[in-house]
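Colleague: One line per chain: the protein sequences are B and E, in this order. So for the first sequence, the numbering used here puts the first residue at 1; every next one is plus one. So for the second sequence, the numbering used here puts the first residue at 1; every next one is plus one.
Hint data in this document are derived by calculation from the structure and do not stem from the laboratory. A portion of the hints provided could be inaccurate.
[What the hints assert, rightly or not] Simulated pairs of lysine-lysine, DSSO-like, Cα-Cα distance not exceeding 30 Å:
hint, chain 1, residue 1, chain 2, residue 2
1, E, K2, B, K97
2, E, K2, B, K144
3, B, K211, B, K35
The primary structure of each chain is shown beneath.
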Amino acid sequence: MSEPATAAISATDLSIRFGGHVAVNNVSCQFYDGKLTAILGPNGAGKTTFFNLLSGQLAPTSGQIHFYGKDITRYSVSHRAKIGVGRAFQLTNLFPKLSTFENVRLAVQARGNLGFDMARLSVDLPGVNEQAEFYLEKVALLSKGDLDVRSLSHGDQRKLEVAMLLALEPKVFMFDEPTAGMTIDEVPIIVELIQAIKQTEGRAILLVEHKMDIIKTLADRIVIFHNGEVIADGDPNEVMSMPIVQDVYLGRALA
Amino acid sequence: MKRLISYDLPANAWIAALVAAIVLILAVLPLTTPSIRSVNMAAKIIVFIPLAASFILLIGYTGIVSFAHTVFFGIGGYGLALGLLNSDASVSGMLTGLMLGVALSAVFGLIIALLSLRIRAIYFAMVTLVAALVTSQLASRLTWLTGGQDGVSFDIPDALSPGVRYWTVPFSDVPVTGKVLLYYALFAIAALSFLAMLRIVNSPFGRVLQAIRENEFRASALGYPTTWYKAVSSILAAVFATIAGGLYAAWLGYVGPGSTLSLNVLTDILLIIVIGGSGSLYGAILGAVVIIVSENYLQSLIELLIPVSIAKSPAGTLLSGDRWLLWLGVLYVVAIYLVPEGIVGMTRSGGRPGDRRAIPGPNHSR
Chain B
1 MSEPATAAIS ATDLSIRFGG HVAVNNVSCQ FYDGKLTAIL GPNGAGKTTF FNLLSGQLAP
61 TSGQIHFYGK DITRYSVSHR AKIGVGRAFQ LTNLFPKLST FENVRLAVQA RGNLGFDMAR
121 LSVDLPGVNE QAEFYLEKVA LLSKGDLDVR SLSHGDQRKL EVAMLLALEP KVFMFDEPTA
181 GMTIDEVPII VELIQAIKQT EGRAILLVEH KMDIIKTLAD RIVIFHNGEV IADGDPNEVM
241 SMPIVQDVYL GRALA
Chain E
1 MKRLISYDLP ANAWIAALVA AIVLILAVLP LTTPSIRSVN MAAKIIVFIP LAASFILLIG
61 YTGIVSFAHT VFFGIGGYGL ALGLLNSDAS VSGMLTGLML GVALSAVFGL IIALLSLRIR
121 AIYFAMVTLV AALVTSQLAS RLTWLTGGQD GVSFDIPDAL SPGVRYWTVP FSDVPVTGKV
181 LLYYALFAIA ALSFLAMLRI VNSPFGRVLQ AIRENEFRAS ALGYPTTWYK AVSSILAAVF
241 ATIAGGLYAA WLGYVGPGST LSLNVLTDIL LIIVIGGSGS LYGAILGAVV IIVSENYLQS
301 LIELLIPVSI AKSPAGTLLS GDRWLLWLGV LYVVAIYLVP EGIVGMTRSG GRPGDRRAIP
361 GPNHSR
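With the rest of the complex left out, here is chain B (with noise of 0.2 Å):
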């Protein structure tokens, strides 16, 4: 078909307002099945408070939000991730009196409905203790499954975060700053891990990251953010080289 194809997710006119300050301004993107949008811009841009419009962690002030063409600005968050819009957050958030397969098995009994079965023992479900392992051997977790969540080191409890978004299987995948506070050594893996998704999975990726050298593997495209608004969008390398970006972004980072 010659038509364009319904973006996965997408913003129109999107905006939210604290009080008198708009921290996302008329925002309208799409993003599309197979691509990776590397989403940049300094602190303070709204780079994560577009990411918490998208997941439903905020209701934008105006503007919608489609999903595939359905429009889930009203949905809540649990109805987001059950419908497919899959987020990693930047902060760690994860349970931490928990032990590191429990937080990954909460993940995948999640995407199986099972939830509110109260007649089965955790420990029988046909197959979701398989896939929770699965899921912790793909970040290299699997020997630290027992542990509590909080004993983990830094990089371990980015990569179980990782994982938990993986287990959840969605059609979106959202991630804010993935490899934050990791150890050199530590970053490849989810690099890797990022660069599989989009290219065996063919699904949508959101990437919010600082490391050009992450950006410059994974990206298909670059959205700039500043003062809450889109100000370039497309090629990275195009992107890159465009002055303003160069003045907001780079100039600010290089000096």
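Chain E: place on chain B using the hints.
Modeller: Only chain E this time, still in chain B's reference frame:
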């Protein structure tokens, strides 16, 4: 056997042995001793185990701090009592009354859960405390229905009354009366309730409750509609507390504000889960035994240990048996300092290798 307890063994072997010993003693007690006092105490323990366990389900697993739990206990008691009074002490009347009580509690449990969405933390706890006090006052004032302060005395079905004698235990010469039968009915229902709750907390549903307690924000981001989970948890806790209330009334042949709705009952439940620990349902078993045995025997124990001459002297008044309540308070404070997570929590904070908090890494962004 492991399936029966949902693969949820107490955290360490000593505690498992203690729990097993308690269950065994409760199971054989009325066949070995004719002492009404100890059997009454054992029955109270049997009733308070599922009651405290249902509170742990709510507070320990879901993280809803509600003090309205005595309301459900009361509804169960009054439901059973009114059912028996209006049916000439028939078993069907008893069950109907209890079931109506369960239904009423479920509705009230739902209201409590919905309330917890509107009002946060400490304010919610205060609102539920007021709800408990108001209910207690209502029960004292609605004399036509509840018998007011005096409560309701009623006859239990004949088969379960002390007057009926079935058999005599050969070795101990203890008569097996209807009351003993009632004891075992209590034991069976309490055990089933406890095992049902143990299964619930170890089911996928129970895991979600723990997730909500740990991080409600994240639980909803995984796709769990947390409101409904809290509502169902609150209803379940209410139902089990109602059943326990019915059991207690059946044992006493009486229900009144003092036995089910008063602050004393609430304090008992709170003491049980503080001493026993709210991290595991087994805390209810250990806590109920410690608290109820102390309430019954601490006075005698002090009198036994402290010679009368000391207790009678001016300096020794604090050591007299009459001051047992003070020492229970001391026990409580010491417990909070020594075992903040209760007896079942004692071993958990022990020597696990990774138990020290992780040092958070640097965070580059806001």
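Colleague: Are K2 of chain E and K144 of chain B close enough, with their CA atoms no more than 30 Å apart?
Modeller: holds, 25 Å
Colleague: Next pair to validate is K2 of chain E with K97 of chain B; report whether the Cα-Cα distance is within 30 Å.
Modeller: Given pair K2 of chain E, K97 of chain B holds - Cα atoms ~24 Å apart, limit 30 Å.
Colleague: Does the structure keep K211 of chain B and K35 of chain B at a Cα separation of 30 Å or less?
Modeller: holds, 19 Å
Of the hints listed earlier, there is not a single one the structure fails to meet.
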